[in-house]
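Quick note on the numbering used here: the sequence shown kicks off at 1 and runs consecutively.
Among the hints, a few may not be true.
[What the hints assert, rightly or not] Here are the computed distance ranges between Cβ atoms for each label pair:
#1 Gly447 <-> Ile396: 55 to 61 Å
#2 Glu431 <-> Val387: 17 to 23 Å
#3 Asp93 <-> Gln144: 42 to 48 Å
#4 Gly143 <-> Gly447: 37 to 43 Å
[Stated by the list, open to error] Once the Cα atoms are required to be at most 25 Å apart in a straight line, the calculated BS3-like pairs of lysine-lysine come out as:
#5 Lys68 <-> Lys109
#6 Lys109 <-> Lys162
#7 Lys122 <-> Lys68
#8 Lys100 <-> Lys122
#9 Lys162 <-> Lys462
For the record, the hints were derived by calculation from the structure and aren't laboratory data.
Every residue gets a Cβ at the ideal spot worked out from N, C-alpha and C, and that includes glycine.
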Amino acid sequence: MEMKKISPAIVLVDDEPEILFSSTVMLRQAGLHNVQAIEDSRRLLPFLAENEVGVVVLDLQMPYLSGKELLADIAENYPHLPVIIMTAANELDTAVACMKMGAFDYLLKPIENSRFVACVRKGLEINSLRREISSLRDYLVSGQLHNEAAFAAINTQSARMKAIFGYMEGIAPSDQPVLITGETGVGKELIARALHGLSRRTGEWVAVNGAGLDDHMFSDTLFGHRKGAFTGADQAREGMVAHAAGGTLFIDEVGDLTPPSQVKLLRLLEGEYHPLGSDVAVRSSARIIVATNSDLTSLVAEGTFRKDLYYRLRAHHVHIPPLRERAEDIPLLLECFLESAATSLHKKKPAYPPELLGYLRAHTFPGNVRELRAMVYDAMARHQGGVLSTGSFREIIGKEVPSSDIVSPKPFSIEQWMNVTGKFPTLTEMEEFLIAEALRLSEGNQGVAASRLGLSRQALNKRLSRK
């Protein structure tokens, strides 16, 4: 099995070993662990050719090859790679010339710690953003994903979902947090798992649900505790953050976190945390992915969710559309769930009646993919043989239709259809829809449905049998 690579390297190039050492320590103390120090400037270009690099920090004056010479080569061959120039105060003119050549930024010696770390972080973010743009451009031009296998667990033929996959490929190598939003049941955790699989992280996938956790439970679950931290803490215990070191920490229902827990999550996003009972900060190397079905912008406006945390979390944002907005996935999902349900229940996979798709396409699916799966498994549990009955589907869907909608249904429009399917309906699709609606309103009675449609029962049966 091929070993995954870690996050892109920060490369420091300077002929002074003391500066390389102090700069490396400075970055690692800030949680940036993958630092490569190069004392001989001639080694840089071969290193770039063989390794994935996030940002390069160059000294201007060095033996063999100067920073300016190296910058010219990097700008030509690695235009996406941010380069930071380190210079003395009396070399400002050269530094400005380097900026015109394509350097990302410059730093004056002696280097101020916080400025140095912030500049390197910004360079890594710029690199990540450029990768995102490149990945999206490649997908939009070719329509092909680089790693389709990573999305094998997500059954879809939706163009919107495929575009989301293209975006995910772009952000996968980034160390920045990811916010995944969408209604209940759309598959947010599957998306998060796919991101972890796409990433080059060597650590574990660790998932935590934030719903119902008070601040103490949140802290103990994520950060662990020291022996004696509270009554019953007879021995030290590592938290989920430690278990996710070098990997991915997924926090679901982040919108439900208490205000004190939000403060601690914000601190974690800066790369450190405190186990309960300890006043010593611990560095974290886990990438944070969070998910919610809440509208965080509304929670921010209400004052129940921190604005600074919200903007920090959405460094990368993936929004999953509800199933009703990608109805083209319903036939595929129906087949997949029938297959898996039949296997788990040790039954033969049945055929389903043609009107079933019409029923499902007309349903709004407030529970999304999870609701459809539950419907199929329930129908399969009841199934005794032959063609799959639509009875259990009609029973569930019928219970969820408000009586006012049955008595006084809202007028149907082509615009509504296009909002759901994304395209103008064909005559065949409209016929299927009308038949399904007539059967639904007639509670499956084909004679009543035929009367509603202005057909004989034989004509309706003929249309149903030819589908």
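Quick rundown of the hints versus the structure:
{"no.": "1", "hint": "Gly447 <-> Ile396: 55 to 61 Å", "result": "24 Å, violated"}
{"no.": "2", "hint": "Glu431 <-> Val387: 17 to 23 Å", "result": "20 Å, holds"}
{"no.": "3", "hint": "Asp93 <-> Gln144: 42 to 48 Å", "result": "47 Å, holds"}
{"no.": "4", "hint": "Gly143 <-> Gly447: 37 to 43 Å", "result": "48 Å, violated"}
{"no.": "5", "hint": "Lys68 <-> Lys109", "result": "17 Å, holds"}
{"no.": "6", "hint": "Lys109 <-> Lys162", "result": "47 Å, violated"}
{"no.": "7", "hint": "Lys122 <-> Lys68", "result": "21 Å, holds"}
{"no.": "8", "hint": "Lys100 <-> Lys122", "result": "19 Å, holds"}
{"no.": "9", "hint": "Lys162 <-> Lys462", "result": "38 Å, violated"}
When each numbered hint is compared with the structure, violations occur for hints 1, 4, 6, 9.
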